[in-house]
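Chains A and B supply the protein sequences, listed in that same order. When the letters of the first sequence are read in order and numbered with my numbering, they come out as residues 759 to 1118. When the letters of the second sequence are read in order and numbered with my numbering, they come out as residues 759 to 1118.
Derived from the structure by calculation, the hints contain no laboratory data. Worth double-checking, as some hints may not be accurate.
Because identical chains cannot be distinguished in the list, a pair is counted as satisfied if it fits within a single copy or across any two copies.
Claimed, not checked - With a straight-line cut-off of 25 Å between C-alpha atoms, the simulated DMTMM-like cross-links for lysine to aspartate or glutamate are:
hint	residue 1	residue 2
1	K832	D773
2	K1013	D969
3	K913	E951
4	K954	D830
5	K1081	E912
6	K948	E912
7	K948	D773
8	K954	D1074
9	K964	D1074
10	K1013	E1002
11	K954	D911
12	K948	D1065
13	K1081	E1002
Protein chains: 2
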Amino acid sequence: MNAQITIAVDGMGGDNGPSVIIHGLELARIRHPDVRFVVFGINAELGPLLSGYPALASVSEVLPSPDVVKMDDKPAQALRRGRKTSMWMAIDSVRNNQADAVVSAGNTGALMAMSWFQLRTIPGIDRPAIAAIWPTSRSESVVLDVGANIGADEKQLVDFAIMGAEFARAVFSIPRPTVGLLNIGSEELKGNEHVKAAAKTLRDAKGLPMDFRGFVEGNDIGKGTVDVVVTDGFTGNIALKTAEGTARQIAGYLKEAFTRSLLSRIGYFFARGAMEVFRRKVDPSRANGGVFLGLNGLVVKSHGGTDAMGFASAVDLAVDMAKANVTDSIAIDVQHVVFGEANERAGTKNPDPATEGKSN
Amino acid sequence: MNAQITIAVDGMGGDNGPSVIIHGLELARIRHPDVRFVVFGINAELGPLLSGYPALASVSEVLPSPDVVKMDDKPAQALRRGRKTSMWMAIDSVRNNQADAVVSAGNTGALMAMSWFQLRTIPGIDRPAIAAIWPTSRSESVVLDVGANIGADEKQLVDFAIMGAEFARAVFSIPRPTVGLLNIGSEELKGNEHVKAAAKTLRDAKGLPMDFRGFVEGNDIGKGTVDVVVTDGFTGNIALKTAEGTARQIAGYLKEAFTRSLLSRIGYFFARGAMEVFRRKVDPSRANGGVFLGLNGLVVKSHGGTDAMGFASAVDLAVDMAKANVTDSIAIDVQHVVFGEANERAGTKNPDPATEGKSN
Chain A
759 MNAQITIAVD GMGGDNGPSV IIHGLELARI RHPDVRFVVF GINAELGPLL
809 SGYPALASVS EVLPSPDVVK MDDKPAQALR RGRKTSMWMA IDSVRNNQAD
859 AVVSAGNTGA LMAMSWFQLR TIPGIDRPAI AAIWPTSRSE SVVLDVGANI
909 GADEKQLVDF AIMGAEFARA VFSIPRPTVG LLNIGSEELK GNEHVKAAAK
959 TLRDAKGLPM DFRGFVEGND IGKGTVDVVV TDGFTGNIAL KTAEGTARQI
1009 AGYLKEAFTR SLLSRIGYFF ARGAMEVFRR KVDPSRANGG VFLGLNGLVV
1059 KSHGGTDAMG FASAVDLAVD MAKANVTDSI AIDVQHVVFG EANERAGTKN
1109 PDPATEGKSN
Chain B
759 MNAQITIAVD GMGGDNGPSV IIHGLELARI RHPDVRFVVF GINAELGPLL
809 SGYPALASVS EVLPSPDVVK MDDKPAQALR RGRKTSMWMA IDSVRNNQAD
859 AVVSAGNTGA LMAMSWFQLR TIPGIDRPAI AAIWPTSRSE SVVLDVGANI
909 GADEKQLVDF AIMGAEFARA VFSIPRPTVG LLNIGSEELK GNEHVKAAAK
959 TLRDAKGLPM DFRGFVEGND IGKGTVDVVV TDGFTGNIAL KTAEGTARQI
1009 AGYLKEAFTR SLLSRIGYFF ARGAMEVFRR KVDPSRANGG VFLGLNGLVV
1059 KSHGGTDAMG FASAVDLAVD MAKANVTDSI AIDVQHVVFG EANERAGTKN
1109 PDPATEGKSN
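Just chain A, same shape as in the assembly (with noise of 0.2 Å):
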């Protein structure tokens, strides 16, 4: 039998302020009976909000913390200043091992500084970055790093590939994700120093629990040809707002064409149910939340414009992520990689460190 898991939840963070997050939490708690929550924050508000929903009362406790981290202060701000904040205390849980991931829709400059500096990197992994769930045409796929640094050398990228696959393999129970590096083109000779590089390391990188599949194009995305995409973090974000871009235009053309006429109303008026099923599928909260990849520790950022379903599909990503212990397998597999290459400069036997030590 599994430990319990408890998750860690910012209470304050987000736009629309703790009754989403509560509400939230109940319909995470439905889905989830065997888990428990912290919920940090105001107490005089969160405590009355609680006590709405009896039965998440009785799996939760309300820790008080007396500040807030606001939407809009700068990472540094908040570093510096927030340590009686619902979001430095919940993370501080995790740090201590009283929780075994954090979810918060608060700011995600101040979310990222605090857990970077609390939590600090995986050994063996030199930044953290945020993973995005993608919905695709096949189902939906994971992209990272989508803008916790502004570029990725080729260690960083093959990290990425690791932690993107190990996050896969949590939270779409897929033994062995498929694994694409986003390049233009997709001859072996294109695109850039960093990317071949990091490729090339994949290709030899042996006992890896992915299957690399070489490289993809940004219009791979969309069709979900691999199911973890990898890139620096200024093309990632560059491409996950572009496609939201691109999304909400659609939607304004359509929105424009379904109003233009008479006879468009009333077609509208007929296909609303699979309209309705349409929307769904683009629609944000389905798929919430941006995931910390390489820390000591498991964050989730949810949209800070989130309602009460897009938290609690964010606490899922959570739970997935702890049951899966995917901190754990990110540290074995980046050892697995470190050691594959030192042994190759070296041209000795590969020192796995299940053997090591051992004679043989």
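Given the structure of chain A, go ahead and fit chain B onto it with the hints provided.
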């Protein structure tokens, strides 16, 4: 009165053969009755097609070229062995000032390699860029570079801004196009060093015919926040293909939604006029053509799989750019920035090329 415009046409390029190209030229001729066409290719194929359009034949000349660049030829291959191809000879006619611009639906890599080799970059411009016209919620914008290069330093980003602004002036008839640099986060602090340095140079550059608006994000492209979006070729290519992928994905969802049930099919029946309008807005053949900027000659790349209407749109771009003399405008603008910089460093008064050498 303007001198007559002559457009050189690669009569053999593209997936659909010369018949689409000749039909496209006929559509373009109707819109531009004052333009001459010189069509390069195999006479036995082009002659009979042209004779089907007597009015087009009267303003066109076929110049025989015995060879054809294949769609899957490698650029280096095409460059080495392609001197007798329709593509090479069409570009050569621009180099010789026998034509004002060249349009080809052929192999993009070969077209770029041959154009760069034959036409060379404009003095002061380091590298050419490929500009794409991007439909937006507002109207259309120019995005560059979308894949001529795999990166860009500060100087190249500034060049791209100048090139994109002159292109927008020519094809959108906007005297001072708004220009934005693609970045992550619109704050001054964020983004990579090249992007930040380019922003500083563009902010300081005086007298350029553009309105520089600083940083834009991925979702600003679809919104049409600025007329010209500047980025490196790696990011631009991935953004373009990601948007294409998203549009195709949503089209797939829509199709599924409309065929889901009898009711939704009835809905589509009533709304189909509006849906046609919608489809035309996202139809790539409306704004067909990547444009190569920064060379001593105008080159328009039509999509390989274009139809006649798409090819005619590509010819429109070539005619608009030739009439506006985009090449000379870029050459003048780029001198302006270089002089401005040198001057700032030396701390002297701006040596405007127009007044240089005069005492004052």
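Indicate which option fits the pair K832, D773 if close means a Cα-Cα distance not exceeding 25 Å: within, between, both or neither.
-> Classified as within; 16 Å inside a copy, 53 Å across copies.
Between K1013 and E1002, at a C-alpha cutoff of 25 Å, which is it: within one copy, between copies, both, or neither?
-> both (17 Å within a copy, 20 Å between copies)
Up to 25 Å between alpha-carbons, please classify K1081 paired with E1002: within, between, both or neither.
-> neither (31 Å within a copy, 37 Å between copies)
State whether the alpha carbon distance between K1013 and D969 is at most 25 Å within one copy, between copies, both, or neither.
-> neither (41 Å within a copy, 32 Å between copies)
Given identical chains, is K913 near E951, meaning Cα to Cα at most 25 Å, within a copy, between copies, both, or neither?
-> For K913 and E951, the Cα distance is within 25 Å both inside one copy (12 Å) and across copies (20 Å).
When no copy is named, should K954 and D911 be tagged within, between, both, or neither for a Cα gap of at most 25 Å?
-> both (10 Å within a copy, 20 Å between copies)
Between the shortest in-copy and the shortest cross-copy C-alpha distance, which are at most 25 Å for K948 and E912: within, between, both, or neither?
-> Classified as both; 15 Å inside a copy, 22 Å across copies.
With 25 Å as the alpha-carbon cut-off, assign the pair K948 and D773 to within, between, both or neither.
-> For K948 and D773, only the inter-copy Cα distance (23 Å) is at most 25 Å; the intra-copy one is 43 Å.
Can you tell me if K954 and D1074 fall within 25 Å by alpha carbon in one copy, between copies, both or neither?
-> neither (35 Å within a copy, 38 Å between copies)
Intra- versus inter-copy proximity for E912 and K1081 (alpha-carbon distance at most 25 Å) = neither (30 Å within a copy, 46 Å between copies)
Identical-chain pair category, K964 with D1074, by Cα at 25 Å | Neither way: K964 and D1074 sit 31 Å apart in one copy and 53 Å across, limit 25 Å.
At 25 Å max between alpha carbons, let me know whether K954 reaches D830 within a copy, between copies, both or neither.
-> between (38 Å within a copy, 22 Å between copies)
Checked against the numbered hints given earlier, the structure breaks hints 2, 5, 8, 9, 12, 13 and satisfies all the rest.
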